[in-house]
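With the hints as your guide, set chain B onto chain A.
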Amino acid sequence: MAYLIIFSPLLGFLIAGLLGRKIGDIASQVITCFLIFVSTVLSFFYLYLFINGSSVLNFVIFKWIASGDLNLNWSIYIDTLTSVMLVVVTSISFLVHIYSIGYMQHDPDKPRFMGYLSLFTFAMLMLVTSDNFLQLFFGWEGVGLASYLLIGFWFKKPSANAAAIKAFIVNRVGDFGLAIAVFMIFKYTGSLNFSDVFQKMPSLLNEKIYFLGNEGSLITYICVFLFIGAMGKSAQLFLHTWLPDAMEGPTPVSALIHAATMVTAGVFLIVRCSPLFEYSEVAKDLIILIGASTAFFAATVGLVQNDIKKIIAYSTCSQLGYMFFAAGVGAYHIAIFHLFTHAFFKALLFLCAGSVIHSLNEEQDITKMGGIYKKIPFTYIFMIIGTLAITGFPLLSGFYSKDAILEAAYFSNSYFGGYATVIGVLTAILTSIYSWRLIYKTFHGNYRGESDKYKNIHESPLVILIPLFLLTLGAALSGFVFKDLFIGNDHQDFWRTSIFFKDEFILKHPPLWFLMITPIFGLLVIVGAYFLYIKNENILENIKNSNLPFYNFLLNKWYFDEIYDFIFTRPSKAIGSFFWHKGDIKFIDGFGPNGFAKIIKIISERAVLFQSGYLYHYAFVILIGLTILLTYLLI
Amino acid sequence: MSDIPILSLIIFIPLIGVLFLLFIKGDKDFVDKTSGYVAQLTSIVTFLASILILVNFNYKDPNFQFIEQHEWIVNFVNYKVGIDGISLSFILLTTFITPICILATINSVKNRLREFLIALLLMETMMIGVFCSLDLFIFYLFFEAGLIPMFLIIGIWGGERRVYSAFKFFLYTLFGSIFMLISVIYIYFDTGTLDVEKLLNIQINKDYQKYLWLGFFASFAVKTPMWPVHTWLPDAHVEAPTSGSVILAAILLKMAGYGFIRFSLGLFPDASVYFAPLVFVLSIIAIIYTSLVALVQKDMKKLIAYSSVAHMGFVTIGIFVFNKQGIEGSIFQMISHGIISSALFLCVGVIYDRMHTREISKYGGVVNSMPKYATMFMVFTLGSLGLPGTSGFIGEILVLIGAFKFNYWIAFLAAIGVILSACYSLWLYRRVVFGETKNEKIKSLSDLNAREYLILAPLFIMTLVLGFYPALLLDLISLSAEKVSENMLNYINLVSRIK
Numbered sequence: 001m002a003y004l005i006i007f008s009p010l011l012g013f014l015i016a017g018l019l020g021r022k023i024g025d026i027a028s029q030v031i032t033c034f035l036i037f038v039s040t041v042l043s044f045f046y047l048y049l050f051i052n053g054s055s056v057l058n059f060v061i062f063k064w065i066a067s068g069d070l071n072l073n074w075s076i077y078i079d080t081l082t083s084v085m086l087v088v089v090t091s092i093s094f095l096v097h098i099y100s101i102g103y104m105q106h107d108p109d110k111p112r113f114m115g116y117l118s119l120f121t122f123a124m125l126m127l128v129t130s131d132n133f134l135q136l137f138f139g140w141e142g143v144g145l146a147s148y149l150l151i152g153f154w155f156k157k158p159s160a161n162a163a164a165i166k167a168f169i170v171n172r173v174g175d176f177g178l179a180i181a182v183f184m185i186f187k188y189t190g191s192l193n194f195s196d197v198f199q200k201m202p203s204l205l206n207e208k209i210y211f212l213g214n215e216g217s218l219i220t221y222i223c224v225f226l227f228i229g230a231m232g233k234s235a236q237l238f239l240h241t242w243l244p245d246a247m248e249g250p251t252p253v254s255a256l257i258h259a260a261t262m263v264t265a266g267v268f269l270i271v272r273c274s275p276l277f278e279y280s281e282v283a284k285d286l287i288i289l290i291g292a293s294t295a296f297f298a299a300t301v302g303l304v305q306n307d308i309k310k311i312i313a314y315s316t317c318s319q320l321g322y323m324f325f326a327a328g329v330g331a332y333h334i335a336i337f338h339l340f341t342h343a344f345f346k347a348l349l350f351l352c353a354g355s356v357i358h359s360l361n362e363e364q365d366i367t368k369m370g371g372i373y374k375k376i377p378f379t380y381i382f383m384i385i386g387t388l389a390i391t392g393f394p395l396l397s398g399f400y401s402k403d404a405i406l407e408a409a410y411f412s413n414s415y416f417g418g419y420a421t422v423i424g425v426l427t428a429i430l431t432s433i434y435s436w437r438l439i440y441k442t443f444h445g446n447y448r449g450e451s452d453k454y455k456n457i458h459e460s461p462l463v464i465l466i467p468l469f470l471l472t473l474g475a476a477l478s479g480f481v482f483k484d485l486f487i488g489n490d491h492q493d494f495w496r497t498s499i500f501f502k503d504e505f506i507l508k509h510p511p512l513w514f515l516m517i518t519p520i521f522g523l524l525v526i527v528g529a530y531f532l533y534i535k536n537e538n539i540l541e542n543i544k545n546s547n548l549p550f551y552n553f554l555l556n557k558w559y560f561d562e563i564y565d566f567i568f569t570r571p572s573k574a575i576g577s578f579f580w581h582k583g584d585i586k587f588i589d590g591f592g593p594n595g596f597a598k599i600i601k602i603i604s605e606r607a608v609l610f611q612s613g614y615l616y617h618y619a620f621v622i623l624i625g626l627t628i629l630l631t632y633l634l635i
Numbered sequence: 001m002s003d004i005p006i007l008s009l010i011i012f013i014p015l016i017g018v019l020f021l022l023f024i025k026g027d028k029d030f031v032d033k034t035s036g037y038v039a040q041l042t043s044i045v046t047f048l049a050s051i052l053i054l055v056n057f058n059y060k061d062p063n064f065q066f067i068e069q070h071e072w073i074v075n076f077v078n079y080k081v082g083i084d085g086i087s088l089s090f091i092l093l094t095t096f097i098t099p100i101c102i103l104a105t106i107n108s109v110k111n112r113l114r115e116f117l118i119a120l121l122l123m124e125t126m127m128i129g130v131f132c133s134l135d136l137f138i139f140y141l142f143f144e145a146g147l148i149p150m151f152l153i154i155g156i157w158g159g160e161r162r163v164y165s166a167f168k169f170f171l172y173t174l175f176g177s178i179f180m181l182i183s184v185i186y187i188y189f190d191t192g193t194l195d196v197e198k199l200l201n202i203q204i205n206k207d208y209q210k211y212l213w214l215g216f217f218a219s220f221a222v223k224t225p226m227w228p229v230h231t232w233l234p235d236a237h238v239e240a241p242t243s244g245s246v247i248l249a250a251i252l253l254k255m256a257g258y259g260f261i262r263f264s265l266g267l268f269p270d271a272s273v274y275f276a277p278l279v280f281v282l283s284i285i286a287i288i289y290t291s292l293v294a295l296v297q298k299d300m301k302k303l304i305a306y307s308s309v310a311h312m313g314f315v316t317i318g319i320f321v322f323n324k325q326g327i328e329g330s331i332f333q334m335i336s337h338g339i340i341s342s343a344l345f346l347c348v349g350v351i352y353d354r355m356h357t358r359e360i361s362k363y364g365g366v367v368n369s370m371p372k373y374a375t376m377f378m379v380f381t382l383g384s385l386g387l388p389g390t391s392g393f394i395g396e397i398l399v400l401i402g403a404f405k406f407n408y409w410i411a412f413l414a415a416i417g418v419i420l421s422a423c424y425s426l427w428l429y430r431r432v433v434f435g436e437t438k439n440e441k442i443k444s445l446s447d448l449n450a451r452e453y454l455i456l457a458p459l460f461i462m463t464l465v466l467g468f469y470p471a472l473l474l475d476l477i478s479l480s481a482e483k484v485s486e487n488m489l490n491y492i493n494l495v496s497r498i499k
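Respectively, the protein sequence lines represent chains A and B.
Position one of the first sequence corresponds to residue 1 (our numbering), numbered consecutively onward.
Position one of the second sequence corresponds to residue 1 (our numbering), numbered consecutively onward.
For reference, chain A alone in the conformation it holds in the complex (with noise of 0.2 Å):
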């Protein structure tokens, strides 16, 4: 059943992807969506037989590599995490298959997207079934191969092609990292099953490595590779520049890869490597150092983003920021339940905008909107609780979830805890502000785009709204529902092995003004941004024209693309012409085989030996050659 769970999406892809042509467009559509279908169901089933208490099962498929002491297998590991993680991986899957059908319905690639879905699908699974690191990476890098070929799509789009290969090189310097961390972990516990590594750890704690020109704890420098893996893959701050570039893929990419599943795989690996990360405090401390930072910056970003996508990309980054620095102050348990809550209420985020996009007729910037909540209401009804979700409304998903990471943070008792806090509440009001902001601006107000297209838009379909219609009861409810099984004080009894922790970990009650801030806040931004974005634009405008050098710095993403141009992509190419025409060119060929041509053109040139370029001149060569050393050697 569990070879089911995971070959379904693979046999989805395999269909759709070499039979897609012969048997149309429709026939694909609905064999991936069963597929899937299939595996979400069993999925459930799985969360189920975890939530009373099954033990962990582990399957071996077969051998993979052997080679000396290095031995592994394509395995099936399900356990209490694994089994959330294919819930949320299969169920937002199944809905975002769905909703392509309708959504990519002028598309004349329907089986080819479909395919590469589930084959997306697939290597997900693969990663989090994984029992060892290198299947891990298999699946890590083939989800970043899904990635590449769906932001890249709509292959005769040039910044679709770029935005891809950014994508898929970004991530390969993370997984430079994860390559590192699996070298070391190989290296010094002599395996790279997750279970005989995490037995060998402790015994390894004291171990001093010279590395890089620094000696420093093991387990701290696989620590801190893994989590350059978990950055690069999870957009955090310095490897995030590929993900708001990704939006040039379809919007249901954006939803599956790029907001619910792939993304949130660097906050799985963490969660995963618990038994390494909790004896690591240096690396603990950087994950809250960058991923409180990330949360800000990315919000900070989202403010003044026009591209309805690109803003929802920024708050994806920012909430990645926010199960990261929830994993580095030890509650993982809490990371997971954000990591849960976020797929469901990001995914319906973006598939609303979708829908509005769908609804507009491919517009995306939502200066260009305004006013249209009448003419797509059920979207507009979603979007909103979408929002209300994302920004800690009580009672609904990400109350619960958010909540309960601003509270851990607040206990933590360390400095870098301290930061996490202050920046984790100031984020949560950014996050209402640009969240609203983006309502506003697409559904109120008058309307900005040209007139004769108000006219043509339309409610999306049913293909699209029940799926919509499904996110929102799991954005509204997942948190309400499970937060006393993932987070509450029988916790442990849910996850036990599945996640490590050092000390028991248990949620304390914060003061009640700490816990108000937030909801205070969030009523007051929902206000204060109606005012300030649809009733009274002048002010903001005023604002920015004389701050008009820190909007820019906010509008162009702090610079990063700019600065990474400057120092890595002009240099490698500026150094590897230098070495092709000054090394290769010029210098070796220069004294090498060229010169000594020339030193032997010029001695031959009377006996013309050379000029003719026939073989048997050269040979001839040889044997003068060889006799003349012969000789040498054998007087």
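Don't take every hint at face value.
As the list claims (entries may be wrong) - Dumping the calculated DSSO-like pairs for lysine-lysine here, alpha-carbon to alpha-carbon at most 30 Å:
{"hint": "1", "chain 1": "A", "residue 1": "K156", "chain 2": "B", "residue 2": "K302"}
{"hint": "2", "chain 1": "B", "residue 1": "K60", "chain 2": "A", "residue 2": "K187"}
{"hint": "3", "chain 1": "B", "residue 1": "K302", "chain 2": "A", "residue 2": "K22"}
{"hint": "4", "chain 1": "B", "residue 1": "K441", "chain 2": "A", "residue 2": "K22"}
{"hint": "5", "chain 1": "A", "residue 1": "K157", "chain 2": "B", "residue 2": "K438"}
{"hint": "6", "chain 1": "A", "residue 1": "K157", "chain 2": "B", "residue 2": "K302"}
{"hint": "7", "chain 1": "B", "residue 1": "K438", "chain 2": "A", "residue 2": "K573"}
{"hint": "8", "chain 1": "B", "residue 1": "K298", "chain 2": "A", "residue 2": "K586"}
{"hint": "9", "chain 1": "A", "residue 1": "K63", "chain 2": "A", "residue 2": "K310"}
{"hint": "10", "chain 1": "A", "residue 1": "K375", "chain 2": "A", "residue 2": "K535"}
{"hint": "11", "chain 1": "B", "residue 1": "K298", "chain 2": "A", "residue 2": "K157"}
{"hint": "12", "chain 1": "A", "residue 1": "K156", "chain 2": "B", "residue 2": "K372"}
{"hint": "13", "chain 1": "B", "residue 1": "K298", "chain 2": "A", "residue 2": "K582"}
{"hint": "14", "chain 1": "A", "residue 1": "K157", "chain 2": "B", "residue 2": "K372"}
{"hint": "15", "chain 1": "A", "residue 1": "K586", "chain 2": "B", "residue 2": "K302"}
These aren't lab readings, by the way, just hints derived from the structure by calculation.
Below, chain B alone, put in the same frame as chain A:
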């Protein structure tokens, strides 16, 4: 089974094919057609014979098998052949690639097809010979003689600058082989034998080991090719016709890697340990330098050629870290590179046949008219950048794991090459395959035909099969690689204990 001299048979089957080819007479069409059939049949028979060897091969025996020995020059040269798992994997690669090459040649070479096929088959004989030889002199003969058909292929059937390229190729290899010959002769005078099996158990005088090692190294480094003696390769590839490039990338380069494992490590363990740092430095430079150079290439074949140099850098690193993962990884990497780079050259050949240019900027939007081709090309590109699930990944990861065990700096720097390989591979793919179709000619391109399918499909399958089930190859080389590695590690232990 044991009575049949199966190794000699497989070495000389292609020669029999050559004999038949020589006697074909008639008008040009008839000659071309018949010689195509004959060569194809010969190569397939050879392949089947190699499968027969594989079936009869004893996986549990790390020693040489199927040994045949005949005295040739009294007290000097013996014709001695035999194989272990490592040799067999390269023989299989050779017999697997050659039929594909011949199939690719038949329609694309218009001029003197028969002679071209003769050269290909001759080369197959020589290459199988290299991998079977258990006598240094025989090895040397096969090793050097294999280059002659390659000269011819570049020099006669090559592009505009063929004379220059063939000449460059010749100079480099001449430079290398002279030193190797001197070393071989010295070994004979020093030990009185050229029998590899015996030599593997003899300690060659340590004072001379270093010079001998350098002698072999000169030849192997040129053929690998290692930086800075790599500049012949891009030129040779660019000028060679498609199937010439395939043979060159898939098999000729592998003779050097094989030589390193069999002879440098086997005969000169002391010198190998001594010179390992040199190899690492050159390999790391090769990986990073050539990857950067690949990034700015304008010619598709040149780009792939430079990427080959980078990939072979991983091979040389793997060999000289001496542990099992390193050695198995580098063998795997060689086989995998043999499959993937030939596929990439064939892919270039497919569009070259239609467009008659290799310049990247002339392409763009090929996917619109050739979706099936785009899919195939994509998988090979991914293989080349080492995506898990393709054979390229297994080789690279094993080498890097082995290297990291040995010295983290090597793995760290080499792994940067993995990032760069993604850059140049995907960028090449994007510029050729994706984008708007600008060139009118590209719009009317026809997708893969049945013959091209037949050429690429086996490589496509092998790329994925070896990626998902590498045991297919690892089981075959496991014991032999372990033997090589253990010899080296024992040797290092011994030395450190004495110290």
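Status of the hints after comparison with the structure:
no. : hint                : in the structure
1   : K156(A) <-> K302(B) : holds, 26 Å
2   : K60(B) <-> K187(A)  : holds, 28 Å
3   : K302(B) <-> K22(A)  : violated, 38 Å
4   : K441(B) <-> K22(A)  : holds, 27 Å
5   : K157(A) <-> K438(B) : holds, 13 Å
6   : K157(A) <-> K302(B) : holds, 27 Å
7   : K438(B) <-> K573(A) : holds, 25 Å
8   : K298(B) <-> K586(A) : holds, 18 Å
9   : K63(A) <-> K310(A)  : violated, 43 Å
10  : K375(A) <-> K535(A) : holds, 21 Å
11  : K298(B) <-> K157(A) : holds, 22 Å
12  : K156(A) <-> K372(B) : holds, 17 Å
13  : K298(B) <-> K582(A) : holds, 16 Å
14  : K157(A) <-> K372(B) : holds, 20 Å
15  : K586(A) <-> K302(B) : holds, 17 Å
Violated hints, listed in ascending order, are 3, 9; each of the other numbered hints is respected by the structure.
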